[in-house]
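A.B. asks: Turn these sequences into a full structure, and let the hints guide you.
For the sequence shown, the working numbering gives the first residue as 40, with consecutive numbering after it.
Rather than coming from a laboratory, the hints here were simulated on the basis of the structure. Built from N, CA and C at the ideal position, the CB exists for glycine as well. There could be a bad hint or two in this list.
[What the hints assert, rightly or not] Cβ-Cβ distance ranges computed for the label pairs, FRET-style:
1) L62 <-> K100: 17 to 25 Å
2) I60 <-> V99: 31 to 39 Å
3) Q70 <-> L129: 37 to 45 Å
4) Q91 <-> K139: 23 to 31 Å
5) P52 <-> Q91: 16 to 24 Å
6) K84 <-> V142: 36 to 44 Å
7) K139 <-> R98: 39 to 47 Å
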Amino acid sequence: MLNVIFGFLNFKPIEIKIYNILLKSSLTIKQMEKQLNLSERTIRKYIKRLEQEGFINKRVKQDKRLKYVYNAVPIQEAWKNVRNKIQKILEEITKTLQRKAAVF
Numbered sequence: 040m041l042n043v044i045f046g047f048l049n050f051k052p053i054e055i056k057i058y059n060i061l062l063k064s065s066l067t068i069k070q071m072e073k074q075l076n077l078s079e080r081t082i083r084k085y086i087k088r089l090e091q092e093g094f095i096n097k098r099v100k101q102d103k104r105l106k107y108v109y110n111a112v113p114i115q116e117a118w119k120n121v122r123n124k125i126q127k128i129l130e131e132i133t134k135t136l137q138r139k140a141a142v143f
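C.D. replies: Written out as structure tokens, the structure is:
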């Protein structure tokens with residue numbers, strides 16, 4: 040099911056990998072860098088999209104410095120977010136089509 044959802048949203052394999060590691064445990068960007076062997080910039084790019092789509096969230100952790108810790112939203116909740124977005128899009132399309140039909 041997860042692959043179907045990610046495929047529908049056109050997620051890249053690395054985004055799926057990040058989501059999967061965050062399902063196992065909450066991590067900082069630095070920890071993800073070490074696990075994935077990717078640059079901070081690259082990870083931030085993918086994290087941003089996952090967060091925008093509602094698949095992950097972040098919280099502030101205070102150690103010696105403030106830092107963000109990322110964790111995956113449970114798949115059921117993430118799917119609910121996706122489904123709601125799709126529903127809103129479909130409603131907008133329906134309204135637009137109804138307005139255009141009323142003109143003719």
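A.B. asks: Between the beta carbons of K84 and V142, is the distance compatible with 36 to 44 Å?
C.D. replies: 42 Å, holds
A.B. asks: May I ask you to test the hint 37 to 45 Å on the CB atoms belonging to Q70 and L129?
C.D. replies: 39 Å, holds
A.B. asks: Given the hint of 17 to 25 Å, is the C-beta distance from L62 to K100 inside that range or not?
C.D. replies: Hint holds: Cβ distance 19 Å, inside 17 to 25 Å.
A.B. asks: Is 31 to 39 Å respected by the C-beta to C-beta distance linking I60 and V99?
C.D. replies: With a Cβ separation near 20 Å, I60 and V99 fall outside 31 to 39 Å, so the hint is violated.
A.B. asks: Using the Cβ atoms, figure out if Q91 sits within 23 to 31 Å of K139.
C.D. replies: Cβ of Q91 to Cβ of K139: about 30 Å, so the range 23 to 31 Å holds.
A.B. asks: Has the hinted range 39 to 47 Å been met by the Cβ atoms of K139 and R98?
C.D. replies: At 45 Å between Cβs, range holds.
A.B. asks: Determine whether the Cβ-Cβ distance between P52 and Q91 falls within the hinted range of 16 to 24 Å.
C.D. replies: Roughly 18 Å apart at Cβ, these two residues keep to the hinted range, so it holds.
Hint 2 from the earlier list is the only one contradicted by this structure; the remaining hints agree with it.
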